[in-house]
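Novice: Spelled out from the first residue to the last, the chains are:
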Amino acid sequence: MNKQNARPWSLAGVLALAFVLAIQTGSTRANAQMITSATSNLNYQYYSVQDYSDAIPELQTIITLQRQQVRMGDVLKEIADKSNLGIAYNADLAILNKRINVNVKKATTSYALQTILLGSGYEAAISRNREIILIAQAELDQADQEPEIAEVSGRVTDAETGEPIPAVNVVVLGTMIGTSTDANGEYSLNVPDDAEVLRFSFLGYKTLEVAVDGRSEVNVSLEADLLALDDIVVVGYGTQQRQEVTGAITSVRSEEIQNIPVSSFENALQGRMAGVNVAESTGEPGASPQITIRGTGSISAGNSPLYVIDGVPITTNRNLQSDIGSQRGSFQPPSANPLATINPKDIESIEVLKDASAAAIYGSRGSNGVILITTKQGTAGRTSVNFSSYVGVSSAFNTPEMMNAADLIAYTKDARNNNYLQEIEVGNRPANPDYNPDTNAGRPNVANFLIPEQYVNWDGTDTDWLDLVLSPAAMQNYDLSISGGNQTSTYSFSTGYLDQEGIIEGSAFQRYTLRLGLTHKLNDALRIGANMNSALAQHDRLPANAPYFGQPPGIIYSALVESSVVKPYNEDGTINQRNNTSFLGGGMTTTSNPLAIMKYISEDIQNTRIFGNLYTEYDIMDNLSFKSLLGYNLESIQQSFYRGTEFLYRNQSSPQPFAQTGAGNLFNWIWENTVNYNTTIGTDHKVNLVAGYTAQKERIERSKIEANGFTDDQITTINGGIVNSGEEVIEEWSLVSALARLNYVFQDKYLLTATVRSDRSSRFGANNQTGVFPSVSLGWRANEESFLSGVDEINELKFRASYGVTGNFEIPNYGAIGLLSGANYVSGGSQLNGVAPSTSSNADLTWETSYQTNFGVDYALLNDRVYGSIDYYTTTTQDLLLFVTVPAASGFDVALTNIGEVENSGFEFSVTSRNMVGAFNWATDFNFATNENTVTKLGPEGDPILSSGAAGTRHITRIGDAIGSYYGYVVEGIYQSQAEIDAAPVDKLVGPGGARPGDFRFKDVDGDGEITSADRTVIGSYHPDYTFGLTNRFEYKNFDFNIFIQGVMGREVLNLTARHLKNGEANFGSYAVLNDRWISESNPGNGEHPRADRSSASHGNNNRESSYQVEDGSYVKIKNLSFGYTLPDTFLNGAFSRARIYTAMTNVAIFTDYIGFNPEVNLQANSSLTPGEDYGAYPLSRTIQVGIDLAF
Amino acid sequence: MKKSLLILLLPLLFISCSEDFTVLGPISERNVVNYYKTQSDFEVAINGAFDALQSSGTFGVNYVLFMEMRADNTANGGGATGLAATLEQLDKFEEIATASELNRTWIASYDGIARANTIISRIDGIDFTSDDVKNRVKGEALFIRSLLYYHLAVIFGNVPLITEEVTAPQNMNLNQSAASAVYAQIATDLAAAEGLLPSTGRVSSGAAAALLGRVHLQAGDKASAVAPLKRVVNSNTYALEANYSDIWGPSNEGSSEILFQVEYMSGNVGEGSSYTDMFTASGVAGGVGGGSAPQSVTDDFIASYEVGDLRQAATLSDSATVEKYEDSPSSPFDSDVNWVEIRYAEVLLNLAEAVGEGAEGYGYINQVRARAGLAAIDGTTPGTYDEKLLQERRVELAFENKRWPDLLRFGIAKSVMASHLGIGEGAVNLLFPIPQSQIDVAPDQMTQNSEH
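Going line by line, the protein sequences match chains A and B. For the first sequence, numbering that gives the first Met the number 0 assigns the number 0 to the initial residue and increments by one for each residue that follows. For the second sequence, numbering that gives the first Met the number 0 assigns the number 0 to the initial residue and increments by one for each residue that follows.
Since the hints were derived computationally from the structure, they do not count as laboratory data. C-beta atoms are modelled at their ideal positions from N, C-alpha and C, and glycine is treated no differently. It cannot be assumed that every hint is accurate.
[What the hints assert, rightly or not] Which bits of chain B does chain A cover? Going by a derived footprint, with three or more residues having C-beta under 8 angstroms, they are: (1) 21-35; (2) 112-123.
[As the list claims (entries may be wrong)] Stretches of chain A that chain B covers, calculated by requiring three or more beta carbons in the stretch to come under 8 angstroms of a beta carbon on chain B: (3) 588-599; (4) 716-729; (5) 888-894; (6) 1068-1081.
Please model the complete structure; the sequences and the hints are all you need to start from.
Specialist: Laid out in structure tokens, this is it:
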């Protein structure tokens, strides 16, 4: 029987072949419905066991059955039982009562059925209801039923390397007779002499079918099939063959992200995909990284992509978290990552929809790209049990070099001397002959002239504050999953536990997850399924991320600022809070002891999330199915913050105890109804049509209560103090949509995808409630053309072009509606409740709209040894949402308005190359992406937006530059002599003392001969010019080795810590680079750093906002190294089907000029207008781990 | 098949029945869609309009800068840096149109006007359970709007005259009007308000009449000022406090001399006033503008008291700092001191100005002088009537934001300030510049004052 005949038999075909046995109840495990349908309705198909043994998983069940003289009917029942099949037959049939001997040992059901029926005149078949039925071999010649047995043997090798391939499946096509190759790639098989075709299959290679042609030796070589793993691509509302995809979609395999020691999968995506930029701005366990896909397209509506998990768009709602009441807005800690509630181990695949063609199916939410997450499902057949675990140790990574005490003392004296001497020089102070550069002798009692006493008489203390604050931390992770199923039902169950300590002791992240996925076939046409995920993420947080003057102060910045001359502990072992830098004298900057911050201030966040879906699919007709999905997402957050009664803020002598509790709840439901129609017209036309409508609604509730007046630390909840303020916020949004997509393939060569979505949302103003988002894309598979058919080197060459419209609907829930806020008044000494309008209405308010064009090529060359994609895109985002200045005579000074335009364009390249294939495997993945961000329209007049981040106005968003560019003066160099100063443009901004040699020379940008505020200009931006990722994978025998390098180029950091730690004022700790400062004309240092001067602000003003504080944030990082060993079968002795042990290191090394911890730092990560500021952040850590993956 | 079709139809029904599905209003925030519907809504909203008077952009801080510090009674400390340096520029007529104080005052004044406009535009169609309440709320809204427009007209001169709620700020018609048109609108509004307001209360009909009189004077229409001011006097509702020093301070908020005051309370609930910090020696140091620095009293003013004037000791401390706003706040800008905006002494002096020289006029002035322990004056007293009246106003109403409008109204602002500062008269600006950002946002509709 050849392959062409291997198709379901129609009823007519069955009648022609044989008569159908009348069927009578007498079955074993088949349920009543199946029997009924089988008896009442003959209109269904049959599958011959011989032909379909490998297509029907039940037939591959391994059974053992040894019986003497038993009835054929009983044997069939028993086989059906063991294989989870039903059975249907006519009890009168003589054959059923025939007594037979059965001796089947560890063989497939298929083999057993064929064996026991051999020569009986009947052949086994499987009905569509999964019942074993018997069909008479009326037309077969009895003589042929006992085929001769012949032996076939041979060797299987790799087509390219000639190396033998072990464990290749060899099967006689149409039977279950088969074996697998041994370690030398050799096999030997007894086959019926009429066997025609052998099939060789092995994961990662193309399956090969070879005609036997009576040979006794069949040697084959297999070709690697590199694309096999991701042949199917998940797209919105369905899946597609990769070769037919016309949009820009990038996938990442689950293996790549699973054993990375991070709290959330997004961190593991860094550097993996071209155009998907993941920035780890903080190392705080459980904090969010920032993902931007193809650049920053929005100023105020957020740049976070839409996450869709198993078809359910998930809100990553950071609004559930309350700000710390005592902390100012720009110093708020990074949000606890809502997506950290998802266990990376539960993820099967991640697809990123990058262009408008792919994302337009998500309409008003597609502008920032869409990340589709598919979770693992059970598969019918064998039960699989997986266990994996790793333990690791994290430690500080890329710690900046700070001055030691001796250098700091010299630097501080230098700064105070220079200050005093300049004041004498300009005549503000009389000279004093007693002046001594090393002591306070002869100096006036002015704080900024005096050297702190502990610097004059140093006792040798040299504290390494960073070393005290950062310590190694443990990490452990355990995952267990069990999945399996049969033809009617599948299940997948998993549970996981992650415990990650932070390198600042006391900070930690823990996650507990539980997941269940079920599918069930109710009958031929109706399927149901459910996924349920539940998780608890617990964040133990410390205030690591703020500057030293934050409320609470940041631990890291406090440690950087604290002088190394100060002892961390008092003699009695308590934390030194009363004799630290705050009390050195000489006007030194006051700062809290970072150890006290760690000990006395804490925050706990508990984040629970339950989300999932229930769905049903119904086949209305052969090609037409209907799916209804109900998805839900429940999230709650409980926050508790406490600042204890022993904590002293900077130089304060009395504590300010404070507690805050916050709670947040989110309920989001979605109901989606879609129909999917597939048809083939002739051989040339393939059509797939998806259409549907969806409704989604979300409600969030958030409350916060603050208390102070704590007298002790016994009760650290708000109950322990006096409650003094509170708030509760409740908001809702809703979205109703209709969507449709057409995929059309002509001759497998010409591809068309067209989508449209219409969204109506409560967020939009009454005049603009509904938006339509269309897209179209075309593909041409040139490799299918005849002129390329002879070119063996090209396996795939597909040209793609797309254009589409998407939106960004992340505007405030009630941005279109004028809100009132409290405006109380007083009468006779008591308060009167009052309200007043606080925002204006805007009935025209609507989504931001992005228009994106994408051109791309997908290629696979040299027998799929090299494959990848190239893309070029330009995106224009219009109707940018801005707070625009309006005439204040209206009663409002700003109004949220859709006005503004930004462009992003870029080039993306990715390639996977199998450099060496064979016993030694070496493969390389490389991706590279550029993006250029340019503002093209702003507000009614195009006025630039000057933005204040954490330290005054240092950002500008203006036409022609990137959003949130850094803004300030340009440092051209350092004045080496008075003559240079005299020849330079007059600096109108310096103090009365003026600049001196060693001070910065600021650039006269506008060329008017003066340095004024008009000489501020764009001095850098956080937006990288390009990013890349490079993975090399090596395998030799059972060993595997992996190295992953990732880089970001052309990004600058606005290092606000430079305002203190490298400003020349020497009023605190300092970066060690200031040892190379300008000291004198004969000792000018390395030319980068100015002289020391305590009162620089009234002299040369080296500390003004300038390019000196903007540093190159480009970096190349060896992000991950791993080394694994897969235990050999002999060792396992059959206990496991696979066992791998490995060790890995994350954050191995970084190559960067950035002076601080982390060149990806971003204080206000969610503020597009003020990106890239470093004001002290939780550092990243290096993690070394060992782990094991077991499959049973 | 039939069943499956039904399943398909279900969501259709759901969608088509739910046009309202995407109409969602705020839940935990009041909003213009569902507020301003009941009497109680308006009673709360009018409190919100009063709140605008407390703002630092209006009476809280900035009106003091523009109406008092600008004149010759006080001076900025000098040698100041940062924000205080901007104040010094304002004090010395060196201000620039981009000064943030100007913009803040513009924004805060119009914010209050908009709060009043919203009430005025919406109240007529609403059923109140009490017409008295409705009249009072509407009268108070008209009064607040008038008071704010009076300040805008004095400070900036030509300002947009907006009298309706603005619902589309991006596309509004600014209607920049001369001060005279603004005064005319105020006169209309106050006449209406006087009829709506009760005879007593936080804004009485008398307060409306008194303000109407003041505005007529400022508009140069003395004749029209007489009648409303006389209505106040003849109502016999108000009287001079026996002791001048009893008018101010937290304990004197119910004084029968006070026709209208902006009320404050201490306690760190955001309702405290900053006058103690701005004027007096006992303000809490630490904030910008804290302590007496920005409002040091000029020698010229100290010298202007007649011997025996009881007001001097009540106005100035021994060290010549301002005593009127003395209090003991525990934190900066959180004093209990109210701002006394209209009091009976001003009504008497306004009336004296309105009726002009004569026995009647001197009679009003002498009522005020008598309380100060000073002898009566008449036509034989040296100096012109205007000089005598202005001198009386200067000491009686010192540090009450009356001096700068007086100098303007009496036409001597340029000469007085030029000699006070030692600058040329040409350098003395009668109007402040309209904030540059307000011109930038609507350059086609807004014109800068010619002096700037």
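Novice: Each hint should be assessed against the structure and marked as holding or not.
Specialist: Hint-by-hint comparison with the structure:
Counting residues of the segment 21-35 of chain B whose beta carbon lies closer than 8 angstroms to any beta carbon of chain A gives 13, which meets the minimum of three for the stated coverage. Counting residues of the segment 112-123 of chain B whose CB lies closer than 8 angstroms to any CB of chain A gives 5, which reaches the minimum of 3, so the coverage claim holds. Coverage of the segment 588-599 of chain A by chain B is violated. Counting CB-CB distances below 8 angstroms, 0 residues qualify, and the rule asks for three or more. For a cut-off of 8 angstroms, the count of residues in the segment 716-729 of chain A with a CB near a CB of chain B stands at 3, and the three-residue condition holds.
Residues of the segment 888-894 of chain A lying with their CB closer than 8 angstroms to a CB of chain B number 6, which satisfies the three-residue condition for coverage. A count of 0 residues in the segment 1068-1081 of chain A with a Cβ less than 8 angstroms from any Cβ of chain B is obtained; the coverage claim is therefore unmet, three being the minimum.
Hints 3, 6, counting from the list given before, are not met by this structure.
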